[in-house]
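Peer 1: Using the sequences and the accompanying hints, generate a full structural model.
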Amino acid sequence: MTALGLFNYWAVIFLMMVGFYTLIARGNLVKKIIGLNIFQTSVFILYITMGKITGGTAPIFVEGGEDVIYSNPIPHVLILTAIVVGVATSAVGLSLVIRIKEAFGTIEEDEIQDESL
Amino acid sequence: MDDRVILRVGAKILIPFILVFALYVQFHGDYGPGGGFQAGVIFAAGFVLYALIYGLENVKKVLPPQAVYICSALGVLLYAGVGYVTMALGGNFLDYGVLAHDPEHGQHYGILLVELGVLITVFGVMVAVFYAFAGRRRADT
Amino acid sequence: MTDHLPVLLVVVPLVAAPIAALLNHPRLSWAVAVAATLWTLYAGLELLSQTMASGVIHYELGGWAAPYGIEYVVDPLNAWVVVIVTLIGALIAPYARVSVEREITEDRIPLFYAAFILCLTGLLGIAVTGDVFNVFVFLEISSLSAYALIALGSDRRALTASFQYLIMGSVGATFIVIGIGLMYVMTGTLNMADLADRLPEVASSRTIPVAFTFLTVGITLKLALFPLHLWLPNAYTYAPSAVTAFIASTATKVAVYLLLRFFFTIFGATFSFDVMQLDRILMPLALIAIVAMSLVAIYQENVKRLLAYSSVAQIGYMVLGISFASVLGLTAGILHLFNHALMKGALFMSMGCVMYRVGSVRLERMNGLGRAMPWTMAAFVVGGLSLIGVPLTVGFVSKWYLVQAALEQGMWPVAGVVLLGSLLALMYVWKVVEVAYFREADPELGISEAPLSLLAPTWLLVLGNLYFGINASDSVGVATRAAEMLLGVLS
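Residue numbers (the working numbering), protein chains in the order written: chain A, 1 to 117; chain B, 1 to 141; chain C, 1 to 491.
A few of these clues could be false.
If the Cβ cut is set under 10 angstroms, some of the chain B residues that face chain A in the computed set are [stated by the list, open to error]:
1) I18
2) Y31
3) G35
4) A132
Simulated from the structure, these hints should not be mistaken for lab results. The structure presented is a predicted model; accordingly, all values stated were derived computationally and were not measured. Ideal Cβ positions, reconstructed from N, Cα and C, are used throughout, including at glycine.
Peer 2: Have a look at this one:
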């Protein structure tokens, strides 16, 4: 039960490690951005998982239902902000990649380093 | 793209509904799920779809890049403007309660106006990002 | 209006940024930037005097009471940080006009100012907010605009520097979000004061130490503590001069503030230093940063890169002060926030003057500059003396307190390392002085003194270095108040 009950958290850790590894190990700048995105997505899932309450329904007010259990909407709101930040980061990152491609003619990190010398 | 009739006709039918749905998400956002972020993205998606089917040049006739640029700045001003008005009316920053005689109505107007500001900025930024990437030629060609 | 100062401090530049973008005219956008920075300086000074006179200021956004609503809290510590940021901002904005016209293409200048003001907004927001998630949002506002600003540098390597900063900065910010999320799941609150109340109950769980670790790594990435400083040298070297001067004297300072806020106000000194034993990791890293980065700086041929490595070493001094977790140590750390902003601001601004006239800041191009640009190089010398810690400059004051804090705890070797750092600083500053004053200039180049609009802000900072070095009672007073408040000695 405990191992399966924490399924979401396993998924979070898996995605986090996949993203982080891609970010560190790949020399291609676009792949780095993708790794960063996966890494950030894992955090989104972490937050959304935290907001879930067992037996809770969507946090929309139900008429006349005093004993309705709602899921916690605050992590969703927070993570909506983080998603927007993530989109902005990707946009800035990818536009930098385009400019790097124009300036160096490549988006492979090692080739850029050779170029810079 | 002249020969792809299904896409052209399909897009023409879909785009109005996408735009209306964006407005629904926006104006329903005070009591239900929704709000400016989502509405802005959906609204921008309508224009992006148009650009994908009919080409970037055509969508730029409807929505010039200059207008997009102004939109992305204007939304922030609207958002902060609401904050200034609430301060001028004696409340704290973004204290919507002072916007109307009945604080509940004030909250209502306030959240809709602020979310409208968010919608305009998110829409502007999304389309601007799309223009910036789609309008760029490949560096090596 | 004074009631609304905490929020106006952030919201006025927030509005100024889109206005600067909308005006879309180099001079008009610049005027907006100057007006906005002057306003924030006024608001910052006003807030500092208010909070020193009458204690902590609370401001509820939207009228929603804390801990449910977002609250801005101003106490001596963050008012101090606000004054540092706004002071540098208000000097950089007038400085930027001439410098930026030379280094950035004209069509990008309005957007440069918009990004500059947004970066300022973000930094000020981090400083005044009392809500941990709000910290993350403002952190990203300042970071994203900083990436854009750095990428505007004229060298193409500015792009890769900015990209590297973006990757490492985003990882740091994401670590901070994870830490905040884990704290939220254990306590159900995001308000700093409320978190401080509720954390002790759950501090023995496994989640909170994990949250603490994520936050530590995330924040130290942002403040470029050795060995997480790799983004900093390139970013400082290739960014436009005005941007380097601004970011070098503000962004890392605000990150140090976050470190103080999280470790002392939220987790509490007992948890951070007795349970988690943070000093055991911070102190060695700080000492390595001081020695190793000063050594690396000695071998640099590009003066901006030399100063960038020196910045990493100086961050070591701040963190060293914090790692003592004593009133004297914290005073030294908080004091050095301000003093380092003064000296590095002056040094990078004088390098901006050199960049303006010479077009490069490499050592081999600076032969004999001491005669060609006497005022610029004199500013560099005074800033350099301050960096070394010569008496009558601010650098001396912070080192004095740092050495005292080390001796108070009987740590003679640490005091020795601080003095060794000064010696190494003397070596790298001398390297520049030697080239500028003791080598013959190439007379054909015809280099003349930098224009007044660059020199005046630079010299204001230089005079600040001297003034606060001679009359340190004001700055030491605020720093001591802030340190006592953080450790709960006073309140």
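Peer 1: All the hints need checking, so say for each whether the structure fits it.
Peer 2: Taking the hints in turn, this is what the structure says about them:
With a cut of 10 angstroms, the hint placing I18(B) at the interface with chain A is violated, because the nearest CB-to-CB distance is about 19 angstroms. Annotation: Y31(B) was flagged as interfacial toward chain A, and the flag holds, the nearest CB pair being 8 angstroms apart, inside 10 angstroms. Satisfaction of the interface hint for G35(B) is found here, the shortest Cβ-Cβ separation to chain A being roughly 8 angstroms, below the 10 angstroms cut-off. Look at A132(B): its Cβ gets to within about 7 angstroms of chain A, closer than 10 angstroms, so that hint holds up.
When each numbered hint is compared with the structure, a violation occurs for hint 1 only.
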